[in-house]
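Here the protein sequences come in this chain order: D and H. Counting from 97, one number per residue, gives the positions in the first sequence under this note's numbering. Counting from 31, one number per residue, gives the positions in the second sequence under this note's numbering.
Each hint should be verified, as a subset may be incorrect.
Some chain H residues close to chain D (C-beta under 10 angstroms, calculated; not the full set) [stated by the list, open to error]:
| hint | residue |
| --- | --- |
| 1 | GLU56 |
| 2 | THR156 |
| 3 | GLU251 |
Computed beta-carbon distance windows for the label pairs [to be verified]:
| hint | chain 1 | residue 1 | chain 2 | residue 2 | range |
| --- | --- | --- | --- | --- | --- |
| 4 | D | GLY134 | H | ASN311 | 55 to 61 angstroms |
| 5 | H | LYS186 | D | GLY134 | 54 to 60 angstroms |
| 6 | H | PRO175 | D | CYS357 | 24 to 30 angstroms |
| 7 | H | ASP72 | D | ARG354 | 33 to 39 angstroms |
| 8 | H | LEU183 | D | LEU265 | 54 to 60 angstroms |
| 9 | H | VAL199 | D | GLU147 | 34 to 40 angstroms |
| 10 | H | TRP70 | D | LYS161 | 44 to 50 angstroms |
| 11 | H | ASP72 | D | LYS128 | 32 to 38 angstroms |
| 12 | D | LYS135 | H | GLY294 | 51 to 57 angstroms |
The hints are simulated quantities; they were obtained by calculation from the structure and are not laboratory data. Where is the CB? At the ideal position from N, CA and C, for every residue including glycine.
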Amino acid sequence: MKKLSNFALLFLLLPVLALAEGDDITWNNTLKTQFFAGKTIEESDAVIELEAPYRAEDPAIVPVKVISKMPQTQDKYIKKIWVFVDKNPFPFVGEFEFFPESGKADLAMRVRVNTYSNIRAIAETNDGKLTMTKKFVKASGGCSAPVGADLDEAMKRLGKVKFRLDEGLKTGQPTQAQLMISHPNLTGMQMDQMTRYVRKSHFIDQLKVTFNDKPVLNAKIDIAISADPNFRFYFVPDKPGELKAEFSDISCESPTSRKVCDKGASYSHQYAVAP
Amino acid sequence: MRLLVVWIGLLINAACWALPALPVTEAAPGVFVHVSEHHWPDRENHGEIANIGFIVGDDCVAIIDSGGSPQQGLALRKAVKNATSKPICYVINTHVHPDHIYGNRAFKEKGVRFVGHYKLARAMATRAPYYLSRADEVLDIRVGPDNIIPPDLQVKQTMNLNLGNRELVLTAHPSAHTDNDLSVYDKNTDTLWLADLLFLEHIPVIDGSIRGWLKELQRLEKNHYKLVIPGHGRLVKDWPVSLQPQKAYLEQLAGEIKVMIKHGKTLEYAIERVGLSAKNNWQLFEQFHRKNVTIAFAELEWED
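Please build the complete structure, drawing on both the sequences and the hints.
Structural data, given as structure tokens:
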């Protein structure tokens with residue numbers, strides 16, 4: 097009898113456990129085949145690790161960090177990192193390309209998290225091996241929505257860019273840079289029948305960072321990136337020169353499809369570095 | 031079969047009639063307020079957590095915020111019927127948050143005009159799909175697009191509404207608690223219905239602009255009002271004294287965050303450290319404080 101009731105209890109708890117731990121349904125059923133068809137992916141924290149808060153305090157701005165476990169050398173380096181928020185209407189966050197010149201394939205960013213979800217990062221090393229790591233994040237409820245708080249303020253600043261080197265310059269060593277881009281990164285509005293608002297999404301889709309014209313970071317990104325996109329990454333300042341960010345935005349008809357889109361504007365920003 | 035239908039019909043009708051009126055107090059002559067306790071919106075309270083109410087003129091009634099659920103909207107409607115036989119002519123939504131707009135549908139009929147900040151409709155368009163998708167799970171209420179009613183009258187700066195020998199002055203504020211805050215001033219009783227521009231006991235929630243909010247408070251602080259009605263918290267008869275805790279909290283946040291930004295600290299670092307000494311001053315601190323820090327940081331890092 098005891099066994100039976102234990103069994104019943106386990107049964108009752110199962111859905112709760114699944115919810116608490118985050119599930120892999122979207123990954124297994126959709127994302128894996130969509131992005132990595134026929135590939136083998138090892139699940140481990142050996143190559144990269146993911147840092148994310150257990151509770152998303154503001155679902156519009158959830159700080160997430162990918163930490164690499166190996167230095168970037170000419171012989172062995174992390175080539176690419178993909179990031180997904182499984183349960184977002186559009187789970188793809190971005191595809192980030194790194195180079196030996198990046199020094200270190202760490203990447204911090206801010207993302208939108210719609211609901212309780214796994215966030216996952218997949219790294220590809222230059223030998224073609226894929227490694228995946230994930231973290232479960234609980235989105236907050238209440239009056240919090242994963243959209244920007246002050247749209248007009250963000251629109252007013254649109255295109256403003258800042259580089260910051262807050263940890264100082266280390267000549268010939270991996271040095272952290274912060275790139276701040278002011279852009280509302282609109283997810284799109286669909287409430288046409290009641291509020292007469294139909295607005296397309298409007299977000300940054302391509303980003304390229306170079307140091308003295310050598311690539312540091314290339315990214316293909318999407319609406320899961322928070323308003324005012326913010327990235328921290330590494331580069332190696334071996335001599336005086338110029339950090340440069342080039343990016344472009346795009347506008348799409350549907351928040352969840354990229355079939356019908358219009359190319360937007362291109363932006364460029366330089367920053368002098370003198371080690 | 032027909033009997034069964036009649037019987038069910040009666041039951042539903044009875045259920046409607048049985049719905050109790052929302053408890054309200056007459057805070058000033060003709061100014062009725064339901065003062066709520068402070069709760070995190072959940073499946074128990076269905077998001078019915080804000081101060082809502084109505085003002086009665088010689089000709090008609092203005093609802094000020096309709097409630098956190100369709101049921102609370104109906105209960106508020108019943109409270110109006112108990113208080114006066116005058117018809118309802120306006121539903122004023124002070125901002126987009128669900129605890130202030132989900133009762134709207136209870137008042138949708140001919141002759142009733144919905145009033146809001148000129149940015150309210152846009153905020154509804156951006157947020158409502160998300161709010162609606164979560165309402166079932168988070169609040170245990172059934173709401174759909176019909177429950178989101180955008181304003182017929184949009185307030186760009188100020189607007190006067192006459193309820194019959196009773197003039198209300200509506201002010202659209204710059205971005206503060208949200209980017210669509212509207213306050214209501216009742217000339218007859220010198221009452222300012224500030225809604226969520228003012229929090230007492232319940233931690234202030236930033237969903238617009240911390241700089242804008244502080245600026246607006248500095249302006250409002252200079253005025254005198256007999257009565258001020260917050261969106262969350264007790265009625266205020268000592269303005270601007272009761273405003274000070276909220277002002278101090280926002281100033282502390284802005285001050286500490288600015289120092290961290292200057293020293294190159296990250297958002298993650300700030301979330302773990304800023305403003306924790308204010309913890310014992312506020313209810314629901316754990317639920318909202320770190321969100322406040324996040325949103326304020328994201329705003330202040332663009333200052334200069």
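The hints, checked one at a time:
no., hint, in the structure
1, GLU56, "violated (29 angstroms)"
2, THR156, "holds (5 angstroms)"
3, GLU251, "violated (22 angstroms)"
4, GLY134(D) / ASN311(H): 55 to 61 angstroms, "holds (58 angstroms)"
5, LYS186(H) / GLY134(D): 54 to 60 angstroms, "holds (58 angstroms)"
6, PRO175(H) / CYS357(D): 24 to 30 angstroms, "holds (26 angstroms)"
7, ASP72(H) / ARG354(D): 33 to 39 angstroms, "holds (37 angstroms)"
8, LEU183(H) / LEU265(D): 54 to 60 angstroms, "holds (57 angstroms)"
9, VAL199(H) / GLU147(D): 34 to 40 angstroms, "violated (50 angstroms)"
10, TRP70(H) / LYS161(D): 44 to 50 angstroms, "violated (28 angstroms)"
11, ASP72(H) / LYS128(D): 32 to 38 angstroms, "holds (35 angstroms)"
12, LYS135(D) / GLY294(H): 51 to 57 angstroms, "violated (39 angstroms)"
Hints 1, 3, 9, 10 and 12 from the earlier list are contradicted by this structure; the remaining hints agree with it.
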